[in-house]
Amino acid sequence: MKKRKVNPVTKLFVKLLGNEKYQAITIPVFAILISLIVGAAVIAALGKDPVSAYTNLLQGCGLWPKPKYAGGKSMATDFFSFLNYWTPMIFASLAVAVALKAGLFNIGVSGQMLAAGFVSTVLIGYSSLAAPIAKPLVVIIAALVGGLVGAFMGWLKYKFNINEVVSSIMLNYIVQYVVAFFINTKFVDPVSRQSKNVSDAARLTLMGTEIGGFKYDIPLGIVLAIVVALVIKFVLDKTTFGYEIATVGLNRKAAQYAGINVGRKMILYMLISGGLAGLAGATYYLGYFSSIQPKVLSATGFDAIAVSLLGNSHPLGILLSSFLISIMGKGKTYMSSSAGLDAEIASVITGLILLFSACGAFIRYKVKRAKDNMAEIEKANKAEVNE
Amino acid sequence: MVDKIIIDGMSFALPLFVMAIGGIYSERSGITNLALEGLQGAGAFVGALVAFFMMRSLGADSQLPYYAAMLFSMIGGMCYAMLHALLCIKFKADQVISGVVINILAMALTEFLTKVVNRVVIGKPSNKFDLGVSQRWTVPGISEIPVIGAFFKNVYPFELIIAVVALIAWYVLYRTKFGLHLRACGDNPHAVDAAGIDVAKIRFIAVMVSGALSGLAGMCFAYSISANYSSGIYLGYGYLSIAALIFGNWKIIPTLAACLLFGFANSGGHQLVLAAGLPSSYSDLIMILPYVLTLLLLVFFSKHNDAPRALGEIYDKGKR
Chain A
5 MKKRKVNPVT KLFVKLLGNE KYQAITIPVF AILISLIVGA AVIAALGKDP VSAYTNLLQG
65 CGLWPKPKYA GGKSMATDFF SFLNYWTPMI FASLAVAVAL KAGLFNIGVS GQMLAAGFVS
125 TVLIGYSSLA APIAKPLVVI IAALVGGLVG AFMGWLKYKF NINEVVSSIM LNYIVQYVVA
185 FFINTKFVDP VSRQSKNVSD AARLTLMGTE IGGFKYDIPL GIVLAIVVAL VIKFVLDKTT
245 FGYEIATVGL NRKAAQYAGI NVGRKMILYM LISGGLAGLA GATYYLGYFS SIQPKVLSAT
305 GFDAIAVSLL GNSHPLGILL SSFLISIMGK GKTYMSSSAG LDAEIASVIT GLILLFSACG
365 AFIRYKVKRA KDNMAEIEKA NKAEVNE
Chain B
65 MVDKIIIDGM SFALPLFVMA IGGIYSERSG ITNLALEGLQ GAGAFVGALV AFFMMRSLGA
125 DSQLPYYAAM LFSMIGGMCY AMLHALLCIK FKADQVISGV VINILAMALT EFLTKVVNRV
185 VIGKPSNKFD LGVSQRWTVP GISEIPVIGA FFKNVYPFEL IIAVVALIAW YVLYRTKFGL
245 HLRACGDNPH AVDAAGIDVA KIRFIAVMVS GALSGLAGMC FAYSISANYS SGIYLGYGYL
305 SIAALIFGNW KIIPTLAACL LFGFANSGGH QLVLAAGLPS SYSDLIMILP YVLTLLLLVF
365 FSKHNDAPRA LGEIYDKGKR
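So the protein lines, in turn, are chains A and B.
Those letters in the first sequence? Residues 5 to 391, by my numbering.
Those letters in the second sequence? Residues 65 to 384, by my numbering.
Treat each hint with caution, since some may be false.
Covered by chain B, according to a simulated footprint, are these stretches of chain A (three or more residues, beta-carbon under 8 angstroms) [unchecked claim]:
hint, segment
1, 172-186
2, 230-243
3, 251-264
Here are the simulated DSBU-like pairs of lysine-lysine, each with C-alpha atoms no more than 30 angstroms apart in a straight line [said to hold, decoys possible]:
hint, chain 1, residue 1, chain 2, residue 2
4, A, K161, B, K156
5, A, K15, B, K381
6, A, K161, B, K367
7, A, K372, B, K367
For the record, the hints were derived by calculation from the structure and aren't laboratory data.
Ideal Cβ placement from N, Cα and C applies to all residues, glycine included.
Isolated chain A, as found in the complex (with noise of 0.2 angstroms):
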């Protein structure tokens, strides 16, 4: 009998990626990595360097050197900066995460920031109370008005058997319609054509603050999103609240049998994951922006979908995933305008990313056969040695 080889390139990637330990790991590392070098692919068929315009994205945010900085402005400006855009992505991603956690699906996550950004605008905002109580009644207020707008949708579906997907498109056109009508009667800035900017002392961010000699916009929103995302992976894991989640996630039925009740239950899910897309609108309208553009939802709350699923839907790998996905979006601009290339394709190397991860089970399931063949083929190889 000839002796069966197994092929030298499926064996690395067996080797790679074959330990279902690590699989959470390795598997979107890989799908990231394939993303990359097919953006890569694009950006030479463009006719430019993809190292380059790789590196481009990095400085933008602050995290590879520039060859120049203007007067007052360090790497560490742009990665302020950079800290601030990826605040609201992460409050925005756990929002959706909890909420897919009990089996709920917050596609809401973009109106609820809207409410929570324009209601704290209006109460603080244009306020004259002094930044150490504004500061704090913003983030309440913030995340309160988000957690009622969640909380409402689950107890629409709750009561009347509302699927959320519906209810929470419909209050998107709502909460977006309503918050322009107030901004375009009471609130616009005439010049700018947005709601007039909220004052230094509620805005999240300090802007400006000098620091040995480099001027810098130092977020604060950052610090409380990592406790957040800290505090959540606490809970999912380790209480039994997180495990009442999961319970509710898995199997309605079951965990209404086990004595949960699982429609208040939803609701308390739906206000916490609104309460969390609150905290996003105030990091994202009084935070990275000061002011709110009429009429238009921010794309953070839909992107937040694919975030978080590409982190698993899991605190930690959310925290990765946003960040990754924050890089491109902040570091485009810079890209851009030093390589020439159009900012759009960023977005176009996002979307490769996303979707490549999205066939996660698909590279776990081929991974799987491989190995299994190869285990076989070794096998038969042993035996017809001992013969």
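Assemble chain B onto chain A, guided by the hints.
Using the frame of chain A, we list chain B on its own:
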């Protein structure tokens, strides 16, 4: 005023409806389709691209580019939908993720390509394709009848196309063997498989149909709303049509009712603001009418809202 409500309402409701039919095809076969938003944009991009090139060679007066755009938007939507089908069926991706990703990718790709094509062909930086104004038809005689006549006045040609497509789609889904198989795939794919029918193939076709119909809808929106194609096409109407089809309980006729409600509430609101002589910012407030109305109606009609039973599940033969 009533005439205007009907004319504008129909031109908004029908594209929404045809997109929702696509969604129904996909979801009744068991594939969750959040990708409608991206499919309509991608389809309309292909249609607009074809119209753009045809208008350059035929001149602005020809009506041919209009119909070519309709056809190619369907083809484009269909091809792009294959990506969703591949991900969901062959690569066993989570259908919700796939849908969202398809949307994100569509927005990025079409925006990027629109820019590139404009730069290469015209040599000017522009992020849109001008499409020219659509023809509008008025049927002589019938259009003189009060109220009902408005349905035959200032009609966009695409409304007729949609009516025909919708009729065919309804017939195929409810009156043919294929339609029966498709609906069965969404409720009990294992039984369909046991009967010797290829579940994957039927679902693949269903998703492609949804792509074609969404593409058509996107093209209609491009002609009726802005007379050009740009990234402004992503107004969230894809999500709205998903809401319509869930509201319509995954059935074509009730979904039509939901779309008409959206359409008439929308145009009615605009006319109300005009008639009351309010400043235009009040139209924002009136614009929430269709959505509030929908929520209210859902309160009464949601008790028997049943999604197809196998919706969103990855079909695994081994589980049978």
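Practice task
Against the earlier hints, flag every one the structure doesn't satisfy and list their numbers going up.
Solution key: Violated hints (numbers, rising): 2, 3 and 7; every other hint is consistent with the structure.
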